[in-house]
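K.L.:
First to last, the sequence lines map onto chains A and B.
Counting in the numbering used here, the first sequence tops out at residue 581, every number present.
Counting in the numbering used here, the second sequence tops out at residue 1718, every number present.
These are calculated hints, taken from the structure and not from any lab test.
Mixed in with the good hints there might be a few duds.
[What the hints assert, rightly or not] Partial list, computed: chain B residues near chain A (C-beta under 10 angstroms):
| id | residue |
| --- | --- |
| 1 | Asn1372 |
| 2 | Gly1380 |
| 3 | Thr1384 |
[Unchecked claim] Over 12 angstroms on every C-beta distance to chain B, these chain A residues come out as not near it, computed from the model:
| id | residue |
| --- | --- |
| 4 | Leu337 |
| 5 | Phe341 |
| 6 | Ala384 |
| 7 | Phe420 |
| 8 | Leu533 |
Even glycine gets a Cβ: it sits at the ideal position worked out from N, Cα and C.
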Amino acid sequence: MVGQEQAMPSARFSAISGFWRNHGTALFFMLPALVVTLVLFLAPAIITLGLAFTDTATATGLSRWEWIGWANFEQLLRSSFTSIILRNTVFYVSTTLALNIALGLGLAILSVHVREGPGRFFRALWLLPRITPSVVYALMWVWASASPPFGIINQVLAPFGVEPRAWLSTDPWLIVIMINGFVGASFGMIVFTSAIQSIPEDLFRAARVDGASAWQIVRRITLPLLRWPILFVFVYQAMSLLASYEYILLTTDGGPGLYGTEVWSLWAFHTALNSYYGNLQFGLGAAMATVLVLIGIVVSASLLRLFHFGSLVSEPRVEIS
Amino acid sequence: MSARRSWMASAIPLSLIFAMSACSTTPSPAEEGSADPSGSAAAPAPEPSAVVETRTSETITEGDVVTLRAWTIGPDAPSFYRRDNLIDAAAALNEELEAEGSDQRVVVEASFESGGAWADYLQKVTLAAESGQAPDIVLAGHENMAPWASAGYLVTLDDLLAQYPDAFADVIPRLWDAMKLQGVTYAIPQDTEARPMYYRKDLLAELGWSEEDIESLPDRVRSGEWTMQDLVQTAQEAVEAGVVDEGKGWYHRPTKGHDHYMFYYANGGRMQDPESGKLVITRDALEKHFQLHYDAVNTWNITPKNFLGSDFRQWHETVTSGTVLFANAGTWTWAEWINTYEVPEEEQWENVGFTLIPAAEPGGEPTTLSHPLVYMVTEASENQELAFRLLAKATTPELNSRHSVESAHLAVLTSQIDDPTYAEDEFLAAASYMSEYTNFIPNHPDYGAYDEVIFRFLSAVQAGEMSPAEATEAAIQELQAQLGDELIVE
């Protein structure tokens, strides 16, 4: 019995030292990434989740807050704004995503089928919004869509019989979706371009020899082989759009009217991090952020299932060497 | 303990930012481009970077030297006397301490922040207070005392006011209403303003008004003879006669802000119950308030469609072009039009008049609304009494008047009216009477949520998305859902 007790720590020690011998180097090299992940991703997520069940606000400080259970979530359920803002979020994400993908795909296909020089120049042009600071880019749109007699959009469209208007008030979604869509399209364009360029040229040549038209080549060769990049851009952009609000904040700030363009992430920002009257509602804002994270998980899981993610990343059945 | 709180104070906002914006940058909110720090802007503006300038009073080497730190903000640059008055008050306080035979002497280290975002400044104060690093004195809007006092960041001043009864005896009595939270005083007024109804004299003349009618308008409004109904009728006549374009009869504030509540107050609305301190919504007044804004756009065509949420800069450019008959804005706007929009002062006096917001209907009271900025003493201060006494020395007719004239703010002291510097300023002298008719927004931690609901439904009404009656019911239901027991519906 005594011998067993002495043997157990010794066995544990040798197991630990064995683990370090086998994995120590790997863990050492992973440490920086591990620390970043824990401190910047996991810890904020856990704190946010915890905050969602408190009444923490400026008015409570960090010494007078209380656990309030599900009260923040119940308030979200009671609020008449919740359904409006959820509807806005679904509309914003789906329409902007559709524009992102369609435009990105169109730009990629068109720009790789012209001569290389003009193609590159064209793609570089479309990258400008992405490399322009968000505030500058948004302000360009604000001024371009200013109300009459101002606004470049009004001046450009007037000769075509389009009545001058305050675009951000009359057609806020149009402007918001275009602002986000044009930035997002450049991301898809880069991914799709490199994917198209990696398709073996033999396939296109063979199709042309067989008399396929340009549309048939795109439909039968390019698009099927872009399924994986399209899925990636689709899911990545959907998650980005769910969490993005900066262009809406800088253009309409969620208006006009009754939360005309307020989306969930902007609502959470307004509640938790932006109060002109000084009482930031961290608890309620954290509950909103938690709901957003849950929506994100459900949406991404659904999309991966819809696109048969498993089969896309499975081992190829035929190995070509 | 302090280090832990400091870490947590940073961790909470950081956690929320990371959680909400994993894939996007998080710019700070845009602020309005005026000197008024009292409302958020729906219209975007480039995010300005704050300039923080710190000054220190004369160095003292003898005695028991105490350093008092203070943070102040414009954000308009001409309001730098909010800092300099504290600096200059140090000498007066030291003289008084010496006369008392005290060994203590004060050195004041005060900062003034201009050009930055109001919300960022508030956040800075909150984080400093949480981490035990708040300065002795903080300047902010009077409504900011509600969350800060609730969190325990501020010192109650009633005992000190009783101990030094002469220190602030000269303060205009009505201003003290805005200095209290549930009957307890937490703040000292630094400045105030009013929000008049501006009118174009030249356009009224074009409409057939005699010079006497035009010049007597402020008095007729003040007496309650000329009401909002007359304003609407005049604006309609101007549109029909082609004196102004459709939608340019009356411009109210184009963004979120306190100004809208003037019309709610004019209709008999209440915002806070003085007894319980709870927020109040007056159903009848809210519906009339919504109805006025609905009709202005959708029935009378005196205010443009899609107006709320439009750009403040364009608002000023249109108003200063002389094509809008009535426009309500702040007293500080008078100087802004001259300085920023380059309207010659003489021409402005010739063509623009200003009056109180007319009574809603015959028999009613004219009104306006003020948003005093205030000094507060923090709980973190180790020299709270000295900080309070410094505020007393910084609140004199001479010091307050130089601030009023420089920044176009109204007097907070009764004796300022007779101060030569103040009295020489023609506009301030002419507008000072408005303080007698003023109202304030409530001091309540949930005022932000209250204001958000009212503004969003006001926007919906004016956009024609809801009828005033529907919006009133929906707004009250939403307020009840969000505020619960903290709301009284009457």
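K.L.:
Run every hint past the structure and note whether it holds.
P.N.:
Now for the hints, and whether the structure bears them out:
Given the 10 angstroms rule on beta carbons, the hint for asparagine 1372 of chain B holds: about 4 angstroms separates it from the nearest Cβ of chain A. Taken as an interface hint, glycine 1380 of chain B checks out: its beta carbon lies about 6 angstroms from the nearest beta carbon of chain A, inside 10 angstroms. With a least beta-carbon distance of about 16 angstroms to chain A, the hint placing threonine 1384 of chain B at the interface is violated under the 10 angstroms criterion. In this structure leucine 337 of chain A is not separated from chain B by more than 12 angstroms, as the shortest Cβ-Cβ distance comes to only about 9 angstroms.
Not every CB of chain B lies more than 12 angstroms from the CB of phenylalanine 341 of chain A, the least distance being 7 angstroms, so the non-interface label is violated. Chain B leaves alanine 384 of chain A outside its interface by the beta-carbon criterion, the shortest separation being 22 angstroms against a cut-off of 12 angstroms. Once the 12 angstroms rule is applied to beta carbons, phenylalanine 420 of chain A is consistent with being away from chain B; the minimum gap is 21 angstroms. For leucine 533 of chain A, the non-interface assignment is contradicted: its Cβ lies about 6 angstroms from the closest Cβ of chain B, within the 12 angstroms cut-off.
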